[in-house]
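Asker: From first to last, the protein sequence lines stand for chains F, E and Z.
Here the first sequence stands for residues 1 to 228, numbered as in my numbering.
Here the second sequence stands for residues 1001 to 1668, numbered as in my numbering.
Here the third sequence stands for residues 2001 to 2321, numbered as in my numbering.
It is possible that some hints are incorrect.
To be verified - So the derived list for chain F, only partly shown, Cβ under 7 Å to chain Z, looks like this:
1. Q11
2. F12
3. L14
4. A135
5. A188
These aren't lab readings, by the way, just hints derived from the structure by calculation.
We put the beta carbon where it would ideally sit given N, CA and C, even for glycine.
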Amino acid sequence: MSLSGLLLLQQFVLVLAALVLFTSFVLLAQARLVSAIHAFAWQGALVAAVTTVVAVTGKSHHLYFSALLTLALKALLIPWMLHRLTRRLALERHVEAVWRPALTIMAAVGLVIFSYWLVLPMVQQELTFTRNVVAISLAVVLIGLLMMVFRQQAVIQVLGFMSMENGLFLAAVSATAGMPLVVELGVAFDVLVAMVLFGVFFFQIRESIDSLDVDQLNRLTESVGEDE
Amino acid sequence: MDAALLLAALAVALALASAAVSVLAAQLPWVPRLLAMPLLGTSGLLALVAGLVALVDGGVVTATLPLGLPWLPWRVRLDALAGFFLTVIGVVTAAVGLYGPAYVRALEHGHESLTALGVFTGLFLTGMQLVVLADDAFLFMVAWELMSLSSYFLVAFQHENAANRRAAFLYLLMAHVGGMAILLGYGVLASFGGGFAFDAMRAAEPPVTWASVAFVLAFVGFGMKAGLVPLHAWLPEAHPVAPSHISALMSGVMLKVAVYGFIRVVFDLIGQFHWQWGVGVLAIGSVSALMGVLYALMQHDLKRLLAYHSVENLGIIFIGLGLALLYLSTGHGLLGALALVAALYHTVNHALFKGLLFLGAGAILHSTHERDLEQMGGLLRRMPWTGLFFLIGCLSISALPPFNGFVSEWLTFQAALQAWQLDSGVLRSLIPIASAVLALTGALAAACFVKVYGVAFLGQARSRHVRRARPVPLGMRAGQGVLAVLCVVLGILPTGVLGLIDSVPRQLLGNGLPQATEHGWLWLTPVPAESVSYSAPLVVFLLAVTVGMAIWGLRHGAVRRVRRCPAWDCGFAPPTPRMQYTATAFAQPIRRVFGLMFHIDESVEQRDHDAARYHLAVRDRAWGLLYAPLAQAVESAARRVVRLQSGNIRVYLGWTLSTLLVLLWIIS
Amino acid sequence: MDHLLTAATWGLALLQALLYAALGPLLVGWVRKVKAVLQNRRGAPVLQPYRDLRKLLMKEARVAHTASPLFRAAPYIVFSATWLAAATVPLVAVSLPTAAIADIIALVGLLALARFFLALAGMDVGTAFGGMGASREMLVSALAEPAMLMAVFTLAMTAHSTNLASVVDYHLTTTVVLRPSFLFALGGLILVAIAETGRIPVDNPATHLELTMIHEAMLLEYSGRHLALMEWAAQIKLVLYGALIANVFFPWGIAYNLAPAALGLGFVAIVGKLLILGAALAIGETVLAKMRLFRAPAFLNLALLMSLLGLLSHVILEVGT
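Required output: the full structure, derived from the provided sequences and hints.
Answerer: Shown next as structure tokens:
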């Protein structure tokens, strides 16, 4: 497989997948909360674009609907909800000091190389294109999880969780041309409900420990009275 | 070829003669200056010629000496690899031979023993030459020990200072730990080869696990001598305290002998290649290069700074060797040869420019008795020739065209760039990342040498004794000049030099780089010319033409005058020497950006009615992470063993009785 | 190799080099004009930098008492190294002999040589400003170099060559494909170009305030023809990076052979591309503010990240099996 042997649309999918990876790096290192939400919105839009392109090449109509759903949910509704949440929590100008940004980026690069190495055994000739996009999607999932480990602010953690979901979706779309429509609708509504629950939960957390720093949740352990 | 071996033997003999003659230095103070040093220089010249003949000839010649044990006589062997390293040893020694007499003359009035200096210098050189010529493990280890011990005495030369004694002790300790690792490596190889002669080891085919054990032992042993991170702690302590021409020899030559040992054991004796070895060497080389240059940037003692740069450059050499191992293990013989040639070119380059820089530091020390950059300044106008040669050294080590450092870095980059030919995607990602680290290292090295040259030679003098510096004697200038000219020549005529180096991979690996010199002396084309080419002579020619055009165009222009005036400085008060940037200030932005890599202690004390004091200490992280815990572990183990010494004679008799019983039982 | 060394090709190479020197002030004047228009000013005429250079060449050069011979030699070395580096980048035609002499790594090396002497010149007189400029410049360039080399590597691994003419040639002759690696390499290279040429947001080329100077601080003591050479070198460097980005990533229009018609088209094409890039630079400089020095590492880390992603996309997405 060489690049020129692919259809133009397939090359476009590769470009979009690479841009999705770029947005997950930006999410990982972005200190400002509002900018991170925007990056997440872009990621959702890019994943919707990939779905559209796959729909055009594969001529499977339910993917158009899926793309529209992704765009509406991931690129518009959820960022809007998060933005509203930030405004209500008065976190709009919040800038978090990212712990050792250079090290987290290096770890993320290592994860990309690792995911590539993991999917290498998929050596069948026709599957090379899919395998490469699956490598990128796996990297996006792992970077989302890395984000949840290294970032402290609770809203950013939600973004990490959501970007993991983006990665899984990307893998599904490119590998199997989408999931059955029922499954997709179910997942989409699960994500929406999760968002609403997060919103409620954050207010509760802030009221009980007066901060949205996830590390402060340590206070809820049994060993109250000893520090750390 | 036999003539070459004879010349090499003569070189060794002259080095020994230099040592022997220095014994008389106590009675006849003119001996070191007029007899020992010239003998040393001639020994270097002979070694250089012998090495060149061996390289040009490309063959192998061996001989057996009537020394050593009856069933294990000493054998010597002169092939292309040995010839290359003899050349490296010879050229630096010849320059030191020119430099030495004037430098040693200044020491005649001190109270250190010149006998010791002369004797151990001669023995040091003998040891190094014999290591390169050795063809069996016994002679190799004897010569290695000779080299380590004599350099210990040289490092401890100014032993009244307690810090120097500590540095020398650390050096001796690590040299012996490394030597033990090398000996164990030889032991593994000998057990499979059935003998300690290199021929036997070469013929043996140890299984992969044991070959890896031997590889790791050799890497640790030779890496410790070469100063790779994290086993480098002795380098920045030992190199600065030795006399400057000895530092030039240690940094310029002894570290290369460690590289020789590594190449001989891994590429020649073990003979098999595995990609895991290559990745390990590449990783450690990259880390050493980066850490070396970062620590060098933080120093303001000139010789300590240069010592850390040796760590960096050895890292670069090992990056080349790691690439060679990677390519050879995946079957790309030509690329492996390219990487090996790049590493060897950098070896000779480093010997030249590091020798030049240390000799320059010695000249500054001779003239101003100052090693601290923060006290220097404005030396270019007071020592013009030293300044010019030191500038050439700085340009070479910063890998700037058209000097020699650029050629070897270019070759290393080209070798790394051929990674697209590999099959493994993981390797194809890791190798460019290693080359990005190499690029960062090169840029930081340039920053460091802007700092060194700018603070030491430019600007205004920061202290009174530096303001009164005078040029150094002719011999010292000549020694530096020879190395500077060679730096320029190796930068302008890389194709010729490559043709010479090429016989090493041809003999060692079976293939060389035939198309590198295909297009004549003008073009350097290590891989097919349509992809890559570099023409140093044309670059130099065009640079000279452009400079000439600019000068001519402007000199014949409207205004030719240049008027001297006070400095502008934005109209503030006339700048005093204290207003200039210090070396620490110059490195501050880099210290802030890379702060995690160092152990920094920074504090400001403000006592009332007193000037504030700023205190900054930048320490090597390796001490806290590796050496201090190791030292503590050894000490606590030793303390536990001390309990055996109870002082009671009956307890000792009891130990003797029980040991006797155990031995009798075993024998029966 | 030998067919390149004919007199005609060398003559054209010389003309291309002279064109670089001539276009430098023009590009800088254009950028300043667009910035002025964006800021609702009329601004100086586009040809003003030529007049500035001529004025400086006419003036007497003043050298401080504490300056060494290196101070007077540095402008010539900086100018020649930058000009020679620029001469190797294909501007109007692809296969000229200057392109075979040096490749991308040699180009980076020549620019590093110029920067080394520029920094030394800054430290030469012994003022605080010069040392400050030299120190900051070395920091920025140290961080920019790995990003630049990564971008170069991404290009070289695709085209299997570091020779600029070969890379441009490869782009012209392969069928048009969308490469994510080139997209990222372009982004990385643009960010590095901004840092290396000393434009906002890394350095302000129009300032003389101590807190904001990097490049200007090193030139503070120069006057007359020395200053003219240094300023001209900086302008040539801007054209160099512009031509590099334009001709490597958007090579259409460049002359393939040496026929006069192709050369004319190549000239028009490169001038057009440089005007567009200059306008984009002016817009960027107006929209962004200059960052404080210790934010520059974050900027350059972004460049390194983009170049790294370009390389990884190349390895993972573009090369099969």
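Asker: Confirm or reject each hint.
Answerer: Checked hints:
1. At a threshold of 7 Å, the smallest CB-CB gap from F:Q11 to chain Z is about 4 Å, leaving the interface hint in force.
2. Given the 7 Å rule on beta carbons, the hint for F:F12 holds: about 6 Å separates it from the nearest Cβ of chain Z.
3. Because the beta carbon of F:L14 sits about 5 Å from the nearest beta carbon in chain Z, less than 7 Å, this interface hint is met.
4. The restraint placing F:A135 at the interface with chain Z holds, with a minimum CB-CB distance near 5 Å, inside the 7 Å limit.
5. A least Cβ separation of about 28 Å between F:A188 and chain Z goes past the 7 Å threshold, and the interface hint is therefore violated.
The structure does not agree with numbered hint 5 stated previously, though it agrees with all others.
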